[in-house]
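Protein sequences, first through last, are from chains U and H. Position 223 of the first sequence, counted from 1, bears residue number 223 in this note's numbering, the numbering being contiguous throughout. To convert a position in the second sequence, counted from 1, into this note's numbering, add 1000.
Treat the hints loosely; a few may be bogus.
To be verified - Computed beta-carbon distance windows for the label pairs: (1) H/1040 - U/102: 57 to 63 Å; (2) U/450 - H/1072: 29 to 35 Å; (3) H/1036 - U/233: 39 to 45 Å; (4) U/346 - H/1029: 41 to 47 Å; (5) U/10 - H/1088: 46 to 52 Å; (6) U/5 - H/1043: 34 to 40 Å; (7) H/1040 - U/265: 28 to 34 Å.
The hints are simulated quantities; they were obtained by calculation from the structure and are not laboratory data. Here a beta-carbon is modelled for each residue, glycine too, at the ideal position from N, C-alpha and C.
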Amino acid sequence: MELLSLSAIEQRQALEAGDVSAEALTRAHVEHIAATDAGVGAFLRFDGDNAVDQATKIDARRAAGESLGALAGVPVAVKDVLCDANGETTCASKMLAGFRPPYDSTVVAQLKAAGAVLIGRTNMDEFAMGGSTENSAFQPTRNPWDTSLSPGGSSGGAAACVSAGMAPLSIGTDTGGSIRQPAAFCGVVGVKPTYGRVSRFGLVAFASSLDQAGPLARNTGDAALLLSVIAGHDPHDATSLSPLAGNDAPEDFTAELEKPLDGLRIGVVDEHFGEGLDAEVDSAVRAAIDVYKSLGAEVVPISLPHSRFAVACYYVIAPSEASSNLSRYDGVHYGYRTDEAAMRGELEAERKAAAEGDASDIDPTLVRLYRQSRSEAFGPEVKRRIMLGAYALSAGYYDAYYLKAAKVRRLIRDDFTAAFEKCDLIVGPTAPSAAPPLGKFEDDPLGMYLLDLYTVSANLAGLPAMSLPCGQTAAGLPIGLQVMAPQREEARMLRGARMYEAVTDWSARRPPIAEAQG
Amino acid sequence: MAISRDDVEKVAKLGRLMLTGEELERMTGEMQRILAYVDQLSQAETDGVEPIAHPADVHTVLRDDQVSESLARDQALATAPRHSGEGYLVPAVLGD
């Protein structure tokens, strides 16, 4: 049996039917990772023995006739930003190297309860800041389709491992496109749920009003399965969605997935097809819209007039929240601390040198401990975000930046409310181009930010949005189609995406490395 | 008005960061370019628009005031770079 090419749902069926053991299934993935990940770098840490151990326990429970969860024996990779008490959580930062969280994030706890085999921890941009996974303090991740290219980011490891057949499922997080953009670049399905759908408890915070965890998978059915496991109200997260009145049952997003949407109205946004969109992406997305027409959907032109401000709005709000959230890394409570003796020596020398003059500019010892610990342990992109946020929130600039952006955020959200009166789903490009070469944005942070053109709006407005494969460039690189829905309408979004997937074969295409045998 | 190197140095203090001369130079240029892009927000007509800090209309949720388990002290301290077993250790603050 070709275990690695089975979908998660097929793996589950094979496990339930007794056609394969969880141990054999896990071993096949572990061997594939061992054979191929040196060239991809998707995992920051992976412990094959531990994974096999989890699998044998599931097999024993199954043999004993216990009732098992929805993912019993299925391997799942987790982005290294969700706390797992069984090991380290580093956020790909020197700041948290060696950090062992004292509790499980709710998402990890849900995966464990569902019987998933947690196969490893995937690489990311440091603290999820970036769109290429090159901002990891430990290693870059390469795109499985062409290892000279970036997998996208910040969930680059999460997308690459699913694309390369190292795991059928993985968990990513999306603050401005960090699930959808790497999903598009790696040719997989990635879902950012409605803000609040998935608990943020134990998700190391980047921007709290935007962060949301979600599934990456090789097709919409698998993504729906994983979303069903991790969704739900959590009393530990005050921003998690409450169940709608009279409906306490956990939502099963797989239940009606194969049922096409009747009278579907697809919204197409004029502003999505303007300047900056690569011609090959443009034609692939237009072809996808034609597929929807051929399925009987009505195509409705809509306008999101404030979407041109979305990236500017996002790059005020996200860094502002980040600078506030990251103030907890102070060299005292956890994480990295500078060499205190050396620091005191330098500070003494500075004070002596200034003894005759003005010493008011020299830090008190504790402040220096904060500043030096942070400066030694944060990478350049994290420092840039802290600086932008501290500036946007500072006296004299708050009104012009943070407050202005918070007003524009309402206008962006209101645009969607008006648009969804005329259509059921909005369809467009996920990213303006296919995967860029590694290193392309090393000296151009603004250029990297502009890759988020189509994705940040969903975070600002709290909407569910997903990417699924819809084509390839002439060079054979995947292109992603973004599907967006109103808040809480993940089921509609997934069914709409499945309608397209069912009549095309783009999701079935895998990079050659996925077939490589160890 | 473009952000100056002096402004960047001040912001680094607010953000509890220390930047070397070279980093300051580079950060100033990068922030100037990013802020020039962000400045297009000023073109958006926002008179009378209420700001939102959150995508959902959040209301304060009340729950029963019940005692429940929380993280034990030794577990919380275990992650600290320096601690006494009772609290976090920092350089002396008084008399500094």
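The hints, checked one at a time:
1. Range check, residue 1040 of chain H to residue 102 of chain U: Cβ separation about 44 Å, and the 57 to 63 Å hint is violated.
2. Under the hint 29 to 35 Å, the C-beta atoms of residue 450 of chain U and residue 1072 of chain H, about 47 Å apart, miss the expected range.
3. At roughly 43 Å, the beta carbons of residue 1036 of chain H and residue 233 of chain U sit within the given window of 39 to 45 Å.
4. The given range of 41 to 47 Å is broken by residue 346 of chain U and residue 1029 of chain H, whose C-beta atoms sit roughly 28 Å from each other.
5. Judged by the Cβ atoms, the range 46 to 52 Å given for residue 10 of chain U and residue 1088 of chain H holds: they are separated by roughly 50 Å.
6. Checking the proposed 34 to 40 Å range against residue 5 of chain U and residue 1043 of chain H shows it is violated: the Cβ atoms sit about 50 Å from each other.
7. Judged by the Cβ atoms, the range 28 to 34 Å given for residue 1040 of chain H and residue 265 of chain U holds: they are separated by roughly 32 Å.
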